[in-house]
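My request is simple: use the sequences and hints to build the entire structure.
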Amino acid sequence: MIYIILSVFLGLFILVMAVVAVHNQNIKVAIIAAGIVSLFSSILYLILAAPDVAMTEAAIGSGLSTVIFFYVLNKIRKNNA
Amino acid sequence: MLKKGIILAIIVAFAAIFLNLLSSFNGNTELSDLSSYYAKNEPAQIGAANLVTAIVVTYRGLDTLGEVVILFLSAAIVSFLLKLSHDEQNNEARKNELRPSSELLQTATRILVPIIFMFGAYVFINGHLTPGGGFQGGAIIASGFVLLLLAKPDMKINHNLISTIESISGVSFVIIGILGIFLAGGFLDNNIIGLGTFGTLLSAGAIPIIYIFIGLKVGSELSSIVGTYNETQKEN
Chain W
1 MIYIILSVFL GLFILVMAVV AVHNQNIKVA IIAAGIVSLF SSILYLILAA PDVAMTEAAI
61 GSGLSTVIFF YVLNKIRKNN A
Chain Y
1001 MLKKGIILAI IVAFAAIFLN LLSSFNGNTE LSDLSSYYAK NEPAQIGAAN LVTAIVVTYR
1061 GLDTLGEVVI LFLSAAIVSF LLKLSHDEQN NEARKNELRP SSELLQTATR ILVPIIFMFG
1121 AYVFINGHLT PGGGFQGGAI IASGFVLLLL AKPDMKINHN LISTIESISG VSFVIIGILG
1181 IFLAGGFLDN NIIGLGTFGT LLSAGAIPII YIFIGLKVGS ELSSIVGTYN ETQKEN
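Chains as they are written, first to last, in my numbering: chain W, 1 to 81; chain Y, 1001 to 1236.
Honestly, the hints are just simulated from the structure, not real lab data.
Just so we're clear, the structure is a prediction, and the values are computed from it rather than from any experiment.
Check before you lean on any hint, since a few could be wrong.
[What the hints assert, rightly or not] Below, simulated DSS-like cross-link-like pairs (lysine-lysine); rule was C-alpha separation at most 25 Å, straight line: (1) W:Lys78 <-> W:Lys28; (2) W:Lys78 <-> Y:Lys1083; (3) W:Lys78 <-> Y:Lys1156; (4) Y:Lys1003 <-> W:Lys75; (5) Y:Lys1156 <-> W:Lys75; (6) W:Lys28 <-> W:Lys75; (7) Y:Lys1083 <-> Y:Lys1040; (8) W:Lys28 <-> Y:Lys1003; (9) Y:Lys1156 <-> Y:Lys1083; (10) Y:Lys1040 <-> W:Lys75; (11) Y:Lys1152 <-> W:Lys78.
If you want it as structure tokens, here you go:
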């Protein structure tokens, strides 16, 4: 029962963060929100008994892709300045 | 107004589709035919304690080879495209110094990075026993590498070493797969050196060897992608 409540809360939080990632005007906030979506969905995968997917999501989704987004953002800003 | 109406109609259509899926969903209480085949025959055929690994590396081994090839292609394309812009901008000969990272981060990196690398190696060596495997271990190693880059942005990356590790592990993966044709049932069959005792580290035939190579390959590819992006930050 507690797992169901936890996963419902996680799902709602993921939805909120996804809306923030799409609609926020500040790109940095949007990137962080997209990373948080990945991080919390990896917890959700763990609750749904898929530890393999959770590991991949946590490392690639919230770690590597966030860092790459920031690198690209920095590069675009420099080139446009 | 019309645009909002269209968007609303699309959302309602999606809701109808998902409601239909949800109402017809009833959880399985027992395994399907395919799953029960895997669960019943896997210990005798493959001998890996982690069923997911047995499916990913052996039953669906060709898919894994394809995924590794896709990752290799994307890493190659990233380094190729960023290399071109790198050469263009070097002509302007303008290099900015990156701001040094905080001492807190540098000290923590010195302690954490070896542990993260070791955990990544643990995950892919034990891929046939515990959750995880080559992709997960490689991704963990690459995130340790990201931490290293954040602490020392000026670090020189040895691209020759990374590409050597990457190509040797890729070729070895395919060679082990081809050995399976001659010594076992077919391409990427794991039963080339015997299955060993179920549940021990040296079991499941070639799966630990294949996963070590996949882990090294994925780790070096993701590290090289992030490293190339980091190098392009210095210029202009």
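Do the hints match the structure? See the list:
{"no.": "1", "hint": "W:Lys78 <-> W:Lys28", "result": "holds, 15 Å"}
{"no.": "2", "hint": "W:Lys78 <-> Y:Lys1083", "result": "holds, 17 Å"}
{"no.": "3", "hint": "W:Lys78 <-> Y:Lys1156", "result": "holds, 22 Å"}
{"no.": "4", "hint": "Y:Lys1003 <-> W:Lys75", "result": "violated, 34 Å"}
{"no.": "5", "hint": "Y:Lys1156 <-> W:Lys75", "result": "holds, 19 Å"}
{"no.": "6", "hint": "W:Lys28 <-> W:Lys75", "result": "holds, 13 Å"}
{"no.": "7", "hint": "Y:Lys1083 <-> Y:Lys1040", "result": "violated, 51 Å"}
{"no.": "8", "hint": "W:Lys28 <-> Y:Lys1003", "result": "violated, 28 Å"}
{"no.": "9", "hint": "Y:Lys1156 <-> Y:Lys1083", "result": "holds, 15 Å"}
{"no.": "10", "hint": "Y:Lys1040 <-> W:Lys75", "result": "violated, 53 Å"}
{"no.": "11", "hint": "Y:Lys1152 <-> W:Lys78", "result": "holds, 21 Å"}
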